[in-house]
Amino acid sequence: MTTTTQSILFSPAPYHILSYGTLLGTTFFHSFVNGIVAFRELPRPQFAVLQSKLFPIYFSMQTALPVVLAVTYPAGLATPSGLAGLLDVSNRWSALVPIATMFVTALANMVVVGPATTKCMRERKSQERKDGKKSYDPPPHSQEMVALNKKFGKLHGISSLLNMATFVASLVYGVSLSRRIV
Numbered sequence: 008m009t010t011t012t013q014s015i016l017f018s019p020a021p022y023h024i025l026s027y028g029t030l031l032g033t034t035f036f037h038s039f040v041n042g043i044v045a046f047r048e049l050p051r052p053q054f055a056v057l058q059s060k061l062f063p064i065y066f067s068m069q070t071a072l073p074v075v076l077a078v079t080y081p082a083g084l085a086t087p088s089g090l091a092g093l094l095d096v097s098n099r100w101s102a103l104v105p106i107a108t109m110f111v112t113a114l115a116n117m118v119v120v121g122p123a124t125t126k127c128m129r130e131r132k133s134q135e136r137k138d139g140k141k142s143y144d145p146p147p148h149s150q151e152m153v154a155l156n157k158k159f160g161k162l163h164g165i166s167s168l169l170n171m172a173t174f175v176a177s178l179v180y181g182v183s184l185s186r187r188i189v
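The working numbering applies: residue 8 is where the sequence shown begins, and numbers increase by one.
Hints are computed from structural coordinates only; laboratory data are not their basis. Watch out, some of these pointers could steer you wrong.
Label-pair ranges, simulated between beta-carbon atoms [said to hold, decoys possible]:
no. : residue 1 : residue 2 : range
1   : Val40     : Gly164    : 13 to 23 angstroms
2   : Lys161    : Phe46     : 11 to 21 angstroms
3   : Lys157    : Ser97     : 44 to 54 angstroms
4   : Val111    : Gly28     : 20 to 30 angstroms
Keep in mind it's a predicted model, so treat the numbers as computed, not measured. Note that CB positions come from ideal geometry on N, CA and C, so glycine has one too.
Produce the complete structure using the sequences and hints provided.
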């Protein structure tokens, strides 16, 4: 192996760029393409099953990749690489805040909001059996289903906002990262 090949393989920079691209691409695709197409094309029960299987993987990736970004943060002219460079006061707003935002919002979806949404979906399915009517059928619904639909809407909205915060933070970080490539 040549010295150049070794320096590329052991440099954090390629892993940083690949991780960033994977995070941004996955978030964009799932949020603006995959989820929308699946919702339009699949019957509701199949869509719900698909999303319940994809979201844990998706949120895990969204949570892990900012950690990889932090660990592989490339050195600057006056700052070291890795966490030390990321924590340097000069990188607070351009790198630390966006990467931390990506991590925290994805972690909240993975650990709190996602599981609560899945639990609410199961509760709605159970209530559908009791009521003999789907949660998405036209009203009227039982009081229990009305409450569950409201709860699901709230959880879905929170999850969507957290996901958009992850996406916006990744765009902000991308702009910051692009300034370093000159």
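Per the hint of 20 to 30 angstroms, is the separation of the Cβ atoms of valine 111 and glycine 28 within bounds?
Cβ of valine 111 to Cβ of glycine 28: about 21 angstroms, so the range 20 to 30 angstroms holds.
Tell me if the beta carbons of lysine 161 and phenylalanine 46 are separated by a distance inside 11 to 21 angstroms.
holds, 19 angstroms
Do the beta carbons of valine 40 and glycine 164 sit within 13 to 23 angstroms of each other?
holds, 20 angstroms
For the hint 44 to 54 angstroms, verify it against the beta carbon of lysine 157 and that of serine 97.
Given about 46 angstroms between the Cβ atoms, the range holds.
In this structure, none of the earlier numbered hints is contradicted; all agree with it.
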